[in-house]
Amino acid sequence: MKTLIRRSLKTGLVFGILTVFLFLIGFTGTAANLLADLFHNEFGDPLLGRTPLMLNTVVFLGLIGLWAGAGGASREEDLPGDPVSASVLGGAAAGLVHGLSVGAVAWLIGGLNARGVMMNKYLAELLPIAIRQFLVGFSPAAAGVFYLLFLTAAGALGGGARHALGRGSGRYRTALQAHARDRIEALPFYRTAVAHPAAKYVLYGLLLAGVLLLPLFAGQYWNYTIGTVGIYVLLGLGLNIVVGLAGLLDLGYVAFFAIGAYAMALLTAPTPHNLLWNFWLVIPIGILLAAITGILLGAPVLRMRGDYLAIVTLGFGEIIRILSKSDDLTPFTNGPKGVPSVGGPTFFGLNVNNNIAFVYLIFLSVILVIFVTNRLQNSRVGRAWEAMREDETVSRAMGINTLTQKLLAFAIGAAFAGLGGALFASRNQFTGPEDFNLMVSINVVSLVIVGGMGSIPGVIAGALVLKGLPEMMRQLEDYRIMVFGALLVVMMLWRPAGLIPSSRRKMETAADSGVVDTTEQKGVK
Amino acid sequence: MPKPIGPARRIKPYQVIQAVLGAGFAGYLLWRLYQVFIAAPEYGADTWARFLITGAILGGVYALIAIGYTLVYGILRMINFAHGDIMMLGAFGGYFVLETTRSIPIGSSNFSDAYPVWSVLAAFLAGVAVATVSGYFLERIAYRPLRGAPRLVPLISAIGASIFLENAAQLLFGAQRRDYANPAVLTRGEGWTLAIGGTDVILPYTGVLTFVLSILLMLALYALVMRTRLGRSMRAVAENKQVAALMGIDVDGVISRTFIISGALAGAAGVMWGLHLGLVYHFVGFIPGIKAFTAAVLGGIGSVPGAMLGGLFLGLVESLGPAVLGINFQLKDVIAFGILVLVLIFRPTGIVGEVLTEEKV
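Chains as they are written, first to last, in the numbering used here: chain A, 12 to 536; chain B, 907 to 1267.
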């Protein structure tokens, strides 16, 4: 009984805070709009004019209430006796707390609003119209009572639903899946196809063909997005060598990206230098410059380990950005205005400077970089890097010259970023200091980690999730960066090894899991 | 005493490079100092006094935030990337209290102007309360479940939490920059006038308040770490979690309290930032956060006096550096980060840092 009360209280409060937070950031209105799209009742409420039907708000809040009830529903061990009534009771208790907290806030906000306090001066989304929506058209006190009753009922329903679904559905689903699997495996064609060694290649080939044909059918906007994701794959693959393989945390990776981009911009653009060099000539120059910078930066700092390295590289990345927009260098870099009309690629005198061609160019670079990474990873160098990542002291004892290997990793990682930067500047036909803020570095580190350190498919998956997915949620534009932050935390809690961990790393973590160890941090030092 | 037996000490190439770079930099610094003060003085004593005042005030705030980084790093060996955003939340807490006190009319005046001491005190309490609560929940939600995970995992979680807090604040409070509503006696830009070198130099009230308060808070924290039972457990946990647990210390509880303390300091720093510099918006904690981390590393991360010294030093370097080195004031951040890189190359343990053993680093 005590656990039941505690759980209901906790769940109810958490959901109460969540509901109020969603309202305060204006998400309740957005969700109501989305539901209106779903139900096709876009004519709007006669009372509120532009905003959607009040019903949609109520439906959305009801869904949260159901969820709260399901979360608060009792497990069997809590209460002796009838599990159905225990679940319903638990859900209702959570719903009661949920309704009480939301109702109190509704009453407070409604009351303040009625007394003429303009709250949107402080909380940006609290426009009178949004408050009215939150009060569901009632007076503040009535809205409070409404939330109390409505959310308690939703909670009870949610608790009951959880009991009903939680028991039967799991078993049913497993049985159904097993049945389907048996049926597929019984097909003679399937068995021979899977057993055939070429099956994997056919699958990859189909996938590759699909990806290669995609730009022809995607519109301009989607090609732009695909290109951005591709460039982030390039950056991710580069950083994957530095962080994922060699285990050096680099938070200033954007510096190399900036150097590639500025090399392309300054050498091909009409302003400020009017050099107008050929695109194909500048690409290797950008790569080379980035690699040289990588070595120059790496030489003094690579003796450091761990977070010190992270913070030095972070400082270096910021230095590059601040320098690029400073007045002192304006004659050279065009300062904060950036460099416009960066040159594009020509192909045998043909100008192929359009989005589709660029997507293919980026694809080509990605494939090239994947090839290089793959060869490196499975070579002596790659093994040395991974040994270094796991334990630097031991790897040195095994005869690995760690300084050379680190410099090599830094230089190759920087070279990939230089390539990415050159392509980026040329595709955007513009480059400026604000393209290279700290968020780029953080994004790239995040996509490597979220994808799975040291794993090439992981980098691609990470780039798709972190750069591609937000583009698809355009309707939720205001919320996507916040969701991105929350997603990073959730990913780390739920799947710290990444979406697609590299096979070698998977084996290591499996072997480590038995060791109880809280003081010694493993992994990247 | 006999000489220790062993191979002759070989000078490594990087040591030569370090020595040459260090000598070059020191020479350049001396030459610039000579230029600026003796050969061709560009600025008068009043300007230098102004730089010193600005630097010291900024340094006090940096030091307060840096202590938060150092405490958490000392215990968890983790960069609490969201610490600057905790400061931002604290700044907002103070902002709302000051706005509220201003909107309460008392006669022809308002509460804020009539009782400035109480309203500023309330602002500080609110800022500290908000930052403390958010620091506690940050640790509970984003860091505690990751105890014992590879080092990068909590770092990424911290970065995610930082992004979440910044954007949630933007959605809640809007993207515009808000003016901090100081009570009339603490109007920004007003202060005591000092006559230095024949020119008036203003010693701002807000600046003095900020500086004195930050020094007091630092002393209080130092006493807490060195003199109290909690401080002793914090030091024990920082030294070795397992042994501390064996000695009967509630490790998770100590870590929670560390986050609460560092959050409280960051909240106070946020209100000071608002009172003195006057602007508050969702991104306000980012740059001070990075600077304060730099300060913590400068002082020797893990060491509380180091963070204080590092913060003050960084504030002074930032305001004096461009003038001394004769470069554009836009580049003050370059100087801050440049110093960071130099310190890490030549003295990775920071100004007063302990010598970290291999497994600790």
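Calculated directly from the structure, the hints in this document are not laboratory data. Please read all numbers here as calculations on a predicted model, not as lab measurements. C-beta atoms are modelled at their ideal positions from N, C-alpha and C, and glycine is treated no differently. Do not rely on the hints blindly, as some may be mistaken.
Claimed, not checked - Calculated lysine to aspartate or glutamate pairs in the EDC-like style (CA-CA distance at most 20 Å, straight line):
id : chain 1 : residue 1 : chain 2 : residue 2
1  : B       : 1238      : A       : 338
2  : B       : 1238      : A       : 339
3  : A       : 336       : A       : 446
4  : B       : 1238      : A       : 445
As the list claims (entries may be wrong) - Covered stretches of chain A (chain B as the covering partner; in silico rule of three or more C-beta atoms under 8 Å from a C-beta of chain B):
id : region
5  : 103 to 114
6  : 319 to 330
7  : 433 to 447
Honestly, which of those hints from before does the structure not fit? Failing hints, ascending: 5, 7.
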